[in-house]
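Visitor: Here is what each chain is made of, one letter per residue.
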Amino acid sequence: MTRGKLLILMIGLLFGCSDIDNCTSDSNLSFMIVRFYDFETKATKKVGFQVSTEGSTGLFGLSSDSLAIGLPLDPMDTSLVFHFDSDTNDYSLNVRYDPNFLIFDPDCSPSLFFSGIDTLQSSFDSTAIRGTVTNRQLTTNFEVYF
Amino acid sequence: MLLSLVGFSQSQAPRIIQPKYGFHEVKVGFNALRSARTVLGSGKNMHEAELSLGINRWNGVFDFGTEKNERSGGYSYENKGTYLRAGIDRNFIQKVRSGNVLALGLRYARASFEDQLVYSIEDVGFGNQEIDLSNSDLKARWLELNFTLRGKITSQLYTGFTLRWKFSRKVSGEGSLQTFDIPGFGNTKRQNATSFDYYVMWRVPLR
Numbered sequence: 001m002t003r004g005k006l007l008i009l010m011i012g013l014l015f016g017c018s019d020i021d022n023c024t025s026d027s028n029l030s031f032m033i034v035r036f037y038d039f040e041t042k043a044t045k046k047v048g049f050q051v052s053t054e055g056s057t058g059l060f061g062l063s064s065d066s067l068a069i070g071l072p073l074d075p076m077d078t079s080l081v082f083h084f085d086s087d088t089n090d091y092s093l094n095v096r097y098d099p100n101f102l103i104f105d106p107d108c109s110p111s112l113f114f115s116g117i118d119t120l121q122s123s124f125d126s127t128a129i130r131g132t133v134t135n136r137q138l139t140t141n142f143e144v145y146f
Numbered sequence: 001m002l003l004s005l006v007g008f009s010q011s012q013a014p015r016i017i018q019p020k021y022g023f024h025e026v027k028v029g030f031n032a033l034r035s036a037r038t039v040l041g042s043g044k045n046m047h048e049a050e051l052s053l054g055i056n057r058w059n060g061v062f063d064f065g066t067e068k069n070e071r072s073g074g075y076s077y078e079n080k081g082t083y084l085r086a087g088i089d090r091n092f093i094q095k096v097r098s099g100n101v102l103a104l105g106l107r108y109a110r111a112s113f114e115d116q117l118v119y120s121i122e123d124v125g126f127g128n129q130e131i132d133l134s135n136s137d138l139k140a141r142w143l144e145l146n147f148t149l150r151g152k153i154t155s156q157l158y159t160g161f162t163l164r165w166k167f168s169r170k171v172s173g174e175g176s177l178q179t180f181d182i183p184g185f186g187n188t189k190r191q192n193a194t195s196f197d198y199y200v201m202w203r204v205p206l207r
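Just so you know, the sequences run in chain order A and B.
Using the numbering used here, read the first sequence as starting at 1 and increasing by one per residue.
Using the numbering used here, read the second sequence as starting at 1 and increasing by one per residue.
Warning: the hint list may mix true and false statements.
As the list claims (entries may be wrong) - With a Cα cut of at most 16 Å, we get these calculated EDC-like pairs of lysine to aspartate or glutamate:
1. B/LYS189 / A/ASP105
2. B/LYS189 / A/ASP26
3. B/LYS189 / A/ASP107
Said to hold, decoys possible - Calculated from the model, a selection of chain A residues having no Cβ within reach of chain B, i.e. all distances over 10 Å:
4. LYS42
5. SER63
6. ASP85
7. THR88
8. ASN89
9. ASP90
10. ASP125
11. GLY131
12. LEU138
These are computed hints drawn from the structure, not numbers from a lab.
Ideal Cβ positions, reconstructed from N, Cα and C, are used throughout, including at glycine.
Using the sequences plus the hints, can you model the full thing?
Guide: Here you go:
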């Protein structure tokens with residue numbers, strides 16, 4: 001192969017790559033995932049909480065056999081207090097975060113994800129942060145132990 | 001005898017030696033493809049001028065451009081700013097004084113721009129929210145590897161294209177809104193980008 005043909009082939013390969021994306025391939029998530037564990041055994045724990053937040057228009061219900069819950073964060077703020085209420089115990093979790101807006105693809109609605117997730121205050125026995133960013137590659141942002 | 005002296009003096013006349021280095025041409029022009037997209041496309045306003053200085057087999061190339069992108073579809077996103085490119089090309093054409101160019105080159109580019117996103121988020125627990133975010137002082141810089149071809153059309157008029165591979169991009173000045181377009185670079189979906197630009201240029205030979 002002559003050098004000229006090789007050059008044309010290389011340029012063709014370089015410019016031949018095109019974007020193949022659609023809205024469903026957006027990996028950003030607009031909520032965080034909280035997973036529940038037993039404080040003593042460190043095993044996953046099924047819980048039945050009613051979750052509410054200050055400033056929320058509704059409750060984020062949780063059935064009695066849930067191991068985890070996805071909780072939306074307010075994109076107009078940088079911290080939020082969640083109240084976890086059950087028949088026997090009430091807990092609170094105050095989290096901070098940074099909202100991030102971007103256009104994933106011009107044909108899709110703008111994408112929202114949160115970064116810098118951290119605990120400001122918690123009444124659970126213990127919390128651990130497993131992912132500071134909300135996206136589909138992570139199955140857990142918060143682990144709470146009680 | 002006298003004639004022979006004259007002949008001798010003529011044969012010994014000092015030869016004019018062309019300096020090997022020094023500007024032999026200037027080319028000025030514009031990016032016709034970008035101007036055409038402004039006229040024919042919607043939501044785009046982009047123009048670019050190019051100045052090229054020929055020094056033997058090397059060309060010093062400077063680009064200046066403006067760009068404005070408007071995107072919509074359930075949202076409104078506007079991005080506008082300017083960019084500069086500077087770099088050198090190695091011309092592989094044997095007769096460089098023909099003005100024709102077949103070159104590989106490197107560019108350093110910088111952009112200053114701003115963007116704004118307006119849209120409404122449906123209720124996910126906090127009611128319907130109107131989002132209006134902007135970045136007023138965005139900066140970007142990147143490098144380019146260029147393949148350039150220019151050919152003479154008529155008189156001193158030249159046209160041709162430049163293929164660009166843009167890499168090593170960095171953006172600063174972003175807040176909660178992550179920018180989508182970078183003037184002169186393209187969009188930020190990928191870390192690197194490619195582009196095809198078509199130029200119309202006027203050549204001014206200097207010697």
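Visitor: Now look at each hint and say whether the structure bears it out.
Guide: Outcome of the hint check:
Proximity of B/LYS189 to A/ASP105 is assessed by CA-CA distance (about 8 Å); at most 16 Å being required, the pair is judged to hold. A threshold of 16 Å between alpha carbons decides the hint, and for B/LYS189 with A/ASP26 the separation of about 11 Å falls inside it, so the pair holds. A C-alpha spacing of about 13 Å is found between B/LYS189 and A/ASP107, which places the hinted pair at or below 16 Å, so the restraint holds. With a closest Cβ-Cβ approach of about 30 Å to chain B, A/LYS42 is found to remain outside the 10 Å limit, as its non-interface label requires.
With a least CB separation of 18 Å from chain B, A/SER63 remains clear of the 10 Å interface cut-off, as annotated. Here A/ASP85 stays apart from chain B, with its beta-carbon at least about 16 Å from theirs, past the 10 Å limit. Every CB of chain B is more than 10 Å from the CB of A/THR88 (nearest about 25 Å), matching its label as outside the interface. With 10 Å as the threshold on Cβ separation, the claim that A/ASN89 sits away from chain B holds: the shortest Cβ distance comes to roughly 23 Å.
No Cβ of chain B comes within 10 Å of the Cβ of A/ASP90; the nearest lies about 19 Å off, and the non-interface call holds. Residue placement check: A/ASP125 keeps its beta carbon more than 10 Å from all beta carbons of chain B (closest about 26 Å). Remark: the non-interface label on A/GLY131 is consistent with the geometry, its nearest Cβ contact in chain B lying 19 Å away (cut-off 10 Å). No beta-carbon of chain B is positioned within 10 Å of the beta-carbon of A/LEU138; the least distance is around 19 Å.
Every hint from the earlier list agrees with this structure, and none is contradicted.
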